[in-house]
Each structure stands twice: as structure tokens, then as C-alpha cells.
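Colleague: Sequence:
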Amino acid sequence: MNPEEYRRFVAKQKRAFEDQVDLEMGVKNQVR
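Taking this note's numbering, the leading residue of the sequence shown gets 913, the next gets one more, and so forth.
Derived by calculation from the structure, the hints in this document are not laboratory data. There could be a bad hint or two in this list.
Derived Cβ-Cβ restraints for the label pairs, each shown as a range [stated by the list, open to error]:
#	residue 1	residue 2	range
1	Gln-942	Asn-914	39 to 45 Å
2	Met-913	Asp-934	26 to 32 Å
3	Leu-935	Met-913	25 to 31 Å
4	Glu-917	Gly-938	27 to 33 Å
5	Met-937	Glu-916	41 to 47 Å
6	Asn-914	Lys-940	38 to 44 Å
7	Met-913	Val-933	21 to 27 Å
8	Asn-914	Val-939	35 to 41 Å
Even glycine gets a Cβ: it sits at the ideal position worked out from N, Cα and C.
Let the sequences and hints guide you as you build the complete structure.
Modeller: So, in C-alpha cells, the structure goes:
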């Protein structure tokens, strides 16, 4: 895996994590 592929992989993981956080925050906000 070269640095460019690694950078792209990390960016994808980070985006997936942020989407998950947004989803959980949205659920928590709807509960209130």
C-alpha cells in the first residue's frame, strides 16, 4: 500500500466514523 492509497483509506475510515457519530447524535436528538 503506497502513501496515496493509505491516505485515501484513512480519509474513508474517518468519514465513515463521522457519519456514524452524526447518525448517533441525530438519534439522540430525536429522542429528546
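Colleague: Would you say the C-beta atoms of Glu-917 and Gly-938 sit inside 27 to 33 Å of each other?
Modeller: Taking Cβ atoms as reference, Glu-917 and Gly-938 lie about 31 Å apart, which means the hint holds.
Colleague: Taking 38 to 44 Å as the hint, is the beta-carbon distance of Asn-914 and Lys-940 inside that range?
Modeller: 39 Å, holds
Colleague: Looking only at beta-carbon atoms, does the pair Asn-914, Val-939 fall within the given range of 35 to 41 Å?
Modeller: 38 Å, holds
Colleague: So the hint says 41 to 47 Å: do the beta-carbon atoms of Met-937 and Glu-916 match that?
Modeller: About 32 Å separates the Cβ atoms of Met-937 and Glu-916, which means 41 to 47 Å is violated.
Colleague: Can you tell me whether the CB distance of Met-913 to Asp-934 sits inside 26 to 32 Å?
Modeller: For Met-913 and Asp-934 the Cβ distance comes to about 28 Å; the hint holds.
Colleague: Quick check: does the Cβ-Cβ distance between Met-913 and Val-933 fall within 21 to 27 Å?
Modeller: 26 Å, holds
Colleague: Can you tell me whether the CB distance of Gln-942 to Asn-914 sits inside 39 to 45 Å?
Modeller: 42 Å, holds
Colleague: Do the beta carbons of Leu-935 and Met-913 sit within 25 to 31 Å of each other?
Modeller: 28 Å, holds
Of the numbered hints stated above, the single one contradicted by the structure is hint 5.
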